[in-house]
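Given next are the chains, with one letter for each unit.
2 protein chains.
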Amino acid sequence: MGSPVYDCLIYNGLVLTMAPGAMPLAHGYVAVAGGKIAAVGQTDTLQDLPAARERLDAQGALLLPGLVNTHCHAPMVWFRGLADDLPLQQWLTEFIFPAEGAWLDADKVYRGTLLAAAEMIRGGITTVADGYFYEAAVRQALSDAGLRAVVAQGVVDFPAPGVPDPTRNLAVAAEFLDTGADYPDRLTSAVFCHSPYTCGPETLQKAKDLTRGRGVPFFLHLAETREEAASLKRRTGRSPGAYLDHLGLLDELTVAVHAVWLSPGDQELLALRQVKVSHCPESNLKLAAGVAPIPALLKLGVTVGLGTDGAASNNNLDLWGEMSLTARLHKVWGRDPTLMPAAQVVALATREGAQVLGLGETTGTLTPGKAADLIVVDVNQPHLTPLYDPYSHLVYAARAADVRHVMVGGRWLLSDRRFTTLDWPALAASVRDQCRDLAAFCRQLRPHP
Amino acid sequence: MGSPVYDCLIYNGLVLTMAPGAMPLAHGYVAVAGGKIAAVGQTDTLQDLPAARERLDAQGALLLPGLVNTHCHAPMVWFRGLADDLPLQQWLTEFIFPAEGAWLDADKVYRGTLLAAAEMIRGGITTVADGYFYEAAVRQALSDAGLRAVVAQGVVDFPAPGVPDPTRNLAVAAEFLDTGADYPDRLTSAVFCHSPYTCGPETLQKAKDLTRGRGVPFFLHLAETREEAASLKRRTGRSPGAYLDHLGLLDELTVAVHAVWLSPGDQELLALRQVKVSHCPESNLKLAAGVAPIPALLKLGVTVGLGTDGAASNNNLDLWGEMSLTARLHKVWGRDPTLMPAAQVVALATREGAQVLGLGETTGTLTPGKAADLIVVDVNQPHLTPLYDPYSHLVYAARAADVRHVMVGGRWLLSDRRFTTLDWPALAASVRDQCRDLAAFCRQLRPHP
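Chains as they are written, first to last, in our numbering: chain E, 1 to 449; chain S, 1 to 449.
Chain E on its own, in the form it takes in the complex (with noise of 0.2 Å):
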């Protein structure tokens, strides 16, 4: 009986399977059979390697899981840039809710979420979790374009892109949710209720209760801004956090995105109900609204992922810069440069991603028996040389450009920084064709500047 022959074999890479409490494997290998991981290990001398069909030479890369991205608003690609540097408030009811209102359909739905995933794949995200309006057209985008994700159909208590009559929103999203039989299992279909602030409360348990009897996840912006808090508290007489628990929102499929202006014993609610926190914090701050306590949730041993939130409030869907924002910010918010080490934010950015989304044991690590989902990251490069500590490099000195080739499931998504399932130059230009009705649609909102 001779060895195994693989589909593919990625050799010669610094292997991060980003299990917990596994070393860095050099010469190491990844094997892939069935689109998914058959084996990891490591050797220097090429005769011993397993048998496939087709190898790659990683050539002294790093070889790691694919990134995980918990939280965006794909289609929003659409509108970034069109209104920077402006109070949360201004730029959402003069800018993005009109455009959303009155220009927006399924169809621009569809493309802006290819050009988010082309975006996306680039820069080595292989799992999404979305939350927008017609998302059954994100869901086909995403599905087209061979990325692993939770499509969440957003919830609203007043008329949204898609959803003219509010009274519908949970029908709307009903519907969602039984037609995502219709994927590949690679697409969870969920639920996004946008935030307390514009879901009742009866809405949001309708809504949780949606999800619970399917067993998929449940979304909301939680305490996003301090403002936001004040109000809740001043309607409900609660704390967030106290407020969700006492409408029986708070459980291990919960995943409460932004989630900065927690008090004490909001994060400790968190922590004892097992809900899932998304940080965004590219998002955060340009829009002023915080930062989020993540050194003191994950002491409590909650699982935070990361999540680059919409390019309208970013601007960009790079998980490398929030890696690196992460692992910068909460040393000088907390006064201490021991927090946030590299290699625990690469952690939160794969493993701990996929822990968030329900997909722990689909994803995140590579492992053998996990989807093939993976990416082979350039250090030949002059910002990423010397090389001591991969970690510290990944977290603190690697870019999104950096990342040359993207697995999901066993099937290339970028090879050689080439897309195999996008058409770029004919996206490109269908959205150039379509954002100048949308320029000039804004430029009626408001003068030019």
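All clues stand as given, with none of them false.
Computed footprint of chain S on chain E, listed as stretches where at least three residues anywhere in the stretch have a Cβ under 8 Å from a Cβ of chain S:
(1) 80-87
(2) 119-129
(3) 305-316
(4) 331-339
(5) 399-409
(6) 417-431
Pair by pair, the computed Cβ-Cβ distance ranges are:
(7) Q47/S to R436/E: 24 to 32 Å
(8) D423/S to R436/E: 40 to 48 Å
(9) Q42/S to E227/E: 40 to 48 Å
(10) A439/S to G213/E: 51 to 59 Å
(11) F158/S to M23/E: 37 to 45 Å
(12) Q42/S to R436/E: 13 to 21 Å
Here are some, though not all, of the chain S residues that point toward chain E, as calculated from beta-carbon distances under 10 Å:
(13) D85
(14) L86
(15) P87
(16) W91
(17) E119
(18) L287
(19) A288
(20) N314
(21) G321
(22) K331
(23) H383
(24) L387
(25) Y391
(26) S392
(27) A401
(28) L427
Hints are computed from structural coordinates only; laboratory data are not their basis.
Where a beta carbon is used, it is the ideal one built from N, C-alpha and C, also for glycine.
Take the given structure of chain E and dock chain S to it, following the hints.
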């Protein structure tokens, strides 16, 4: 009389001259002659373009002044990622000082600087201010790489690399200044006193005198950490700004680097004396030093530029990260999302940075008569599509890898991402070879984790 024939014409770009009040020029061009900018204009008909010996079609890319890095310790790329996530004093005394003292020599400084130059050129930096030891080797390397630079010999009152006898620190600096005349105009030789806590008052004053006589900048780290400011107060009874003013060190050619822990009185003093400030936010966060009061300093009229600091404390020499962080950090710190808008941040990284270094007449804007220091940034990419506001993209979405071409003084240093002055494969091989010694040396200092 025909129209003049230029040396080089870069056309079909979106030109941001960064001159105060100038609007972006669509279908813009820049003409170069004799190493200087000869003309800037716009036309969308090819036949109206001026004649030139070399023509580059920018294909809709952004064309702007090269970035100005106002603070760097280039040779410290050797120490990138060698020790992270540690308290500042432990990092300095247990790793950096021993490695600098026992391992560095002039040749390693030269090669480290070439490596740093490679990273900076590929990230669109055309001017850098460096401060280190063996600075003559830094000067030679930056000259060979083709960058514009202010190179400043380091001065401290204890044994330093290349200056084992600290009583010779000023003599070494004076000799360094004197030999600067042998170099092209694009190299300015200056002095970098490390800080008020490593240099006594007499050293500071004599070093400042060396620069004053020659009309060149005087750099020093000022008020980087809270402990430093508190200790100075205990020792001298004065705040950092007041102490330097008392010594007569504050004038328009002094560059205060970091400038984090400044009292309101210190801030006013810096403004009154026209002291320049170099802001290095990525380093300040990583070392948990603090957040410099940049919006307040700008309001007082202080000229501020951006700096990367060295790769041992950052860990990159990438001004794109500094721009993104500068725009975001002060919004959340000052609880105001309108602080540090994108266009202002691009100005800090170009025009204002040049003024910080006393090079405002030479570089920093695309103005006829100034040196042809410019970069071409490729926006035909997913993360920069669509494009409404070029300043927003440069600050919030673009990255170093988006820089396609770099010119300094009319000479291409990077052409379609390829180096013209550096042999990257040979440099990479020699750096990797020598960094093994350093890694072995550092393992003696502390058991490897």
